[in-house]
Structure formats: structure tokens, C-alpha cells
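Q: Sequence:
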Amino acid sequence: MGTPDFAVEPLKALIENNYDVCGVVTQPDKPVGRKAVLTAPPVKVVAQDAGIRVYQPQTLKNGEGIEILKETNPDVVIVVAYGKILPKDFLDFPQYGCINIHGSLLPKYRGAAPIQRCVLDGEKYAGVTSMQMDVGLDTGDMLLKMQTEIGENETSGELFDRVAVMGAELLVKTLDALEKGELKPEKQNDAESNYAAMLDKTMSPVDWNKPAQIVHNQIRGLDPWPVALTYLDGKTLKLFSSELSKELNGGKAGEAKALKNGLAVFCGDGKAVVIKEVQFEGKKRMNAADFLRGHPLAEGFCF
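For the sequence shown, our numbering gives the first residue as 8, with consecutive numbering after it.
Where hints are given, some of them may not hold.
[Stated by the list, open to error] Taking lysine-lysine pairs in the BS3-like style, the calculated list, with each CA pair at most 25 Å apart, reads:
(1) K68 with K95
(2) K131 with K278
(3) K180 with K191
(4) K242 with K191
(5) K253 with K291
(6) K208 with K180
(7) K187 with K19
(8) K77 with K91
(9) K291 with K208
(10) K264 with K283
(11) K242 with K283
(12) K267 with K242
(13) K278 with K253
(14) K152 with K194
(15) K259 with K283
(16) K131 with K283
(17) K264 with K278
(18) K217 with K264
(19) K208 with K42
(20) K180 with K194
(21) K217 with K259
(22) K278 with K217
(23) K242 with K217
(24) K208 with K283
(25) K278 with K259
Quick caveat, the hints were computed from the structure, so don't treat them as lab data.
Required output: the full structure, derived from the provided sequences and hints.
A: Shown next as C-alpha cells:
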């Protein structure tokens, strides 16, 4: 059971390791883009290419989910970013229950956007946890974990891709341990948990009065969506691919400086963030230095 890109690698791992995938449950096709083209979830595409039965129920309530389980009769259900709450009767149906692959080092970052929140919060490590699901939101017993160090300038999108591959590897390890009877479920400490809420566009505008590290985390944490931004001549300027300056110091918050390798902007602590790529409203994403050649900023200009 899964829907977005994050769930694709685990499904591929099941197929490549010759597990008998008796069915795939995913969200219904949805309109995408300005033309609202009806588009299949990434997991559906992979499943169909592999000749696996696909189910796309509007709800798992009213017995619809149980009917799918009766038809497929799975030993275990694997859940990766499916996107709907599973009812208790569904969780209890398979012999070995439902195992979730979650993109955080539980119990921290339960919820919808754990990878992005790790970057936004400036965490040093991210990871993935396999979990025996219960009726709570990411509250089930932990099974196995893998962790990775987050790069100093790594974006959420880059980390997302790495953690998805880790999730696939962890899934295979978890199923192997399940078959051998070697899993030792561990209760989560609820006191150590925090909720990783979904991101939204209200998070995008940058407050240059904040410290440079916070701004840097915002720029990379909101990449590829919803993307950090500031305003130039009343238009939005989206900000991508940043790093902290090791040389610049002492400027006032929002003060911009053109560099050979990008756009430096000072923050509230006097330190500067160097932005490598930008996208001006109505234009394509481009190298920040190239943008500044076409849009030179006056000496002492402040965002």
C-alpha cells in the first residue's frame, strides 16, 4: 500500500527480491497541472508494469478494505506513504499485521512531512524506521532502523531520494527478519515524539531578520516544494540551492551583495546566506549570478 514517489523504491525492492506481491492498493488517480490531466500515482505505474493487481478504493471504511484483503489474502501488508488511515479491522486481518516504512527515526517526526521537517529543523541525522502499525498516527512498535547524516547544504528533495532507497533496503531486512522470527518490537516513547505537519505555501516567505542558519535551513528544507521566496520589485523571487558564507559578516538584515558565484544576503545575526539559484516571477529557474547580470541590484539594496 503506497502512493507517491517515496513508495516506489520499496515496491521495486519487493518485486526484485521475488516477494509474492499479491496486490497493490493506492490512491485514486488525480487531476494534475493547469490542464487537470488525470494522472496515476507513481506506485500504480510500477505495479501495472510488473503485472500486479491494483486497487484504488475511495475509502477503506464500510468494509471495502476488508474485501480487498479477502480477495488477495496477504500474509503481511506493507504500507509506505499510502495516505489514508487504516481501520483496526484492516490492521488485524493479515497474519503478520501491517508493517509501515516511515521516513524518520521514530519516535521523532511522526506525521506527513518527516524528511522536510528534519532539514527545516537543522537536524544532523535523518533515517527510516520499520514499524508494526496500530490505530495511532505512526505510534506502533518500532522494528528496525537505518540512519544517515544530512549534508550541510542538502535539500529536502535530495534527502528524500536517499531516504526512499534506504526505506527499500530496510523493508527487505525487516521481512527477512520477520521470516526468521528475529524481530524484536520496541515500544515508542511518546514523550520524545513531535508531529511533522504537512508543508504549505505560508512557510515560503523568508524573514531576513532570522539567523543565517535558520534561513539556510528554510531554503533547503522547502526545496523542491513549496520553495522559499523573497520579493523584488513587488514580484516573487524563489530561492534555491544555498550555503552559508564563511567570509561575509556584519551586514544588516536583508542587505544583498552580488558575488561571482551567487547572491549573498545578510541575515539578522550579521552572517550571510549565499543563494546559488533563483527563479524570478514569470521566468525560468537560473543561476543566481546570471540573474544578477540581467537584474543588477543597487549598492546597499535590502530585501
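Q: For every hint, state whether the structure bears it out.
A: For each hint, the structure was consulted:
Between K68 and K95, the direct Cα distance comes to roughly 10 Å. Compliance with the 25 Å bound is thereby established for this hinted pair. Between the alpha carbons of K131 and K278 the distance comes to roughly 21 Å, so the proposed pair stays at or under 25 Å and holds. A distance of roughly 13 Å separates the Cα atoms of K180 and K191; the hinted pair therefore holds under the 25 Å criterion. Using a Cα cut-off of 25 Å, the hinted pair K242 and K191 is violated, with the two alpha carbons roughly 55 Å apart.
Taking the CA atoms of K253 and K291, the gap is near 29 Å; set against the 25 Å cutoff, the hint is violated. Pair hint K208 plus K180 does not hold up; C-alpha atoms about 37 Å apart against a cutoff of 25 Å. Between K187 and K19 the CA atoms are separated by roughly 22 Å; this keeps the pair inside 25 Å, and the hint holds. Between K77 and K91, the direct Cα distance comes to roughly 19 Å. Compliance with the 25 Å bound is thereby established for this hinted pair.
The suggested pairing of K291 with K208 holds, with an alpha-carbon distance near 19 Å, which does not exceed 25 Å. Note on K264 and K283: the hinted pairing holds, with a Cα-Cα distance of about 13 Å set against a maximum of 25 Å. Our distance criterion of 25 Å between C-alpha atoms is met by K242 and K283, whose separation comes to about 19 Å. Straight-line distance between C-alpha atoms of K267 and K242 comes to about 24 Å, which keeps the hinted pair within the 25 Å bound.
For the hint linking K278 to K253, the alpha-carbon distance of about 8 Å falls within 25 Å, and the restraint holds. Annotation: proposed proximity of K152 to K194 holds, straight-line Cα distance about 13 Å (limit 25 Å). For the suggested pair K259 and K283, the alpha carbons sit about 20 Å apart, so the restraint of at most 25 Å is met. At roughly 22 Å between alpha-carbon atoms, K131 and K283 fall within 25 Å of each other, so this suggested pair holds.
This hinted pair checks out: K264 and K278 have alpha carbons roughly 12 Å apart, not beyond 25 Å. In summary, the hint linking K217 to K264 is supported, as the alpha carbons are separated by about 18 Å, within the 25 Å threshold. Among the hinted pairs, K208 with K42 is consistent with the structure: their alpha-carbon atoms are about 21 Å apart, no more than 25 Å. For the suggested pair K180 and K194, the alpha carbons sit about 19 Å apart, so the restraint of at most 25 Å is met.
Taking the CA atoms of K217 and K259, the gap is near 11 Å; set against the 25 Å cutoff, the hint holds. Distance restraint check for K278 and K217: the Cα-Cα separation of roughly 10 Å lies within the 25 Å cut-off, and the hinted pair is therefore satisfied. Our distance criterion of 25 Å between C-alpha atoms is met by K242 and K217, whose separation comes to about 22 Å. This hinted pair checks out: K208 and K283 have alpha carbons roughly 21 Å apart, not beyond 25 Å.
Taking the CA atoms of K278 and K259, the gap is near 9 Å; set against the 25 Å cutoff, the hint holds.
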